[in-house]
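> Per our numbering, the sequence shown starts with residue 1, numbered consecutively.
Take these hints with a grain of salt, some might be off.
[As the list claims (entries may be wrong)] In silico DSS-like links for lysine-lysine, alpha-carbon gap of 27 Å or less: (1) K27 / K47; (2) K47 / K57; (3) K27 / K55.
[What the hints assert, rightly or not] Computed Cβ-Cβ distance ranges for the label pairs, DEER-style: (4) D2 / S77: 27 to 33 Å; (5) L48 / T82: 18 to 24 Å; (6) S24 / K57: 27 to 33 Å; (7) L48 / D25: 17 to 23 Å; (8) G36 / Q70: 14 to 20 Å; (9) D2 / K55: 36 to 42 Å; (10) D2 / S56: 36 to 42 Å; (11) L20 / H68: 17 to 23 Å.
If you're looking for bench data, these hints aren't it; they were derived computationally from the structure.
What you are looking at is a predicted structure, and each value in this text was computed from that prediction instead of being measured.
Just so you know, even glycine gets a beta-carbon here, dropped at the ideal spot from N, CA and C.
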Amino acid sequence: MDAIYKLDHKTITHYFEAPLSVSSDNKYFTTGSTNGEIYIFNLEDGKLVETLNNKSKGITSVQWRPYHSQIYVSDISGQITTWGV
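Please model the complete structure; the sequences and the hints are all you need to start from.
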C-alpha cells in the first residue's frame, strides 16, 4: 500500500491539537485546536476545506455524527457544540 499524501510537520503542529475524526462517507477528516478553531480537510488530497470558529478555547475532541453532516465538538470547559456542515 502506498501513501496517498503526507502532511508535513508545519501542518500538523499548526492544526492538529485534538484527535482526528473521519466522516462516515470517508470524504473528510477534522480536528480542533486550542484556539477554538475546527479544521475540516479533504481526505482525498489532504487540503484544508473549511475552518470553523467554535468561539471557545481548548478543543478537546471532535467527532462526526455517523451518516450525517454534523460535527460534535467538546472543549475544556465541558461544553459540547454541534455544527452542521
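> Confirm or reject each hint.
Evaluation of the provided hints:
Of the pairs offered as hints, the one joining K27 and K47 holds, with about 11 Å between alpha carbons and a cut-off of 27 Å not exceeded. Taken as a hint, the K47 and K57 pair is honoured in the structure, with Cα atoms around 24 Å apart against an allowance of 27 Å. Between K27 and K55 the alpha-carbon distance is near 25 Å, which keeps this suggested pair within the 27 Å criterion. Our hint of 27 to 33 Å for D2 and S77 is violated, since their Cβ atoms are close to 42 Å apart.
At roughly 21 Å, the beta carbons of L48 and T82 sit within the given window of 18 to 24 Å. Distance hint for S24 and K57: a CB-CB separation of about 28 Å, consistent with the stated range 27 to 33 Å. Restraint check, L48 to D25: a C-beta distance of roughly 18 Å satisfies the suggested window 17 to 23 Å. A C-beta distance of roughly 18 Å is found between G36 and Q70, which places it inside the suggested range of 14 to 20 Å.
With their beta carbons about 40 Å apart, D2 and K55 fall inside the hinted range of 36 to 42 Å. Against the hinted window of 36 to 42 Å, the Cβ-Cβ separation of D2 and S56 comes to about 39 Å, which satisfies the hint. For L20 and H68, the Cβ-Cβ distance of about 18 Å falls inside the hinted range of 17 to 23 Å, so the restraint holds.
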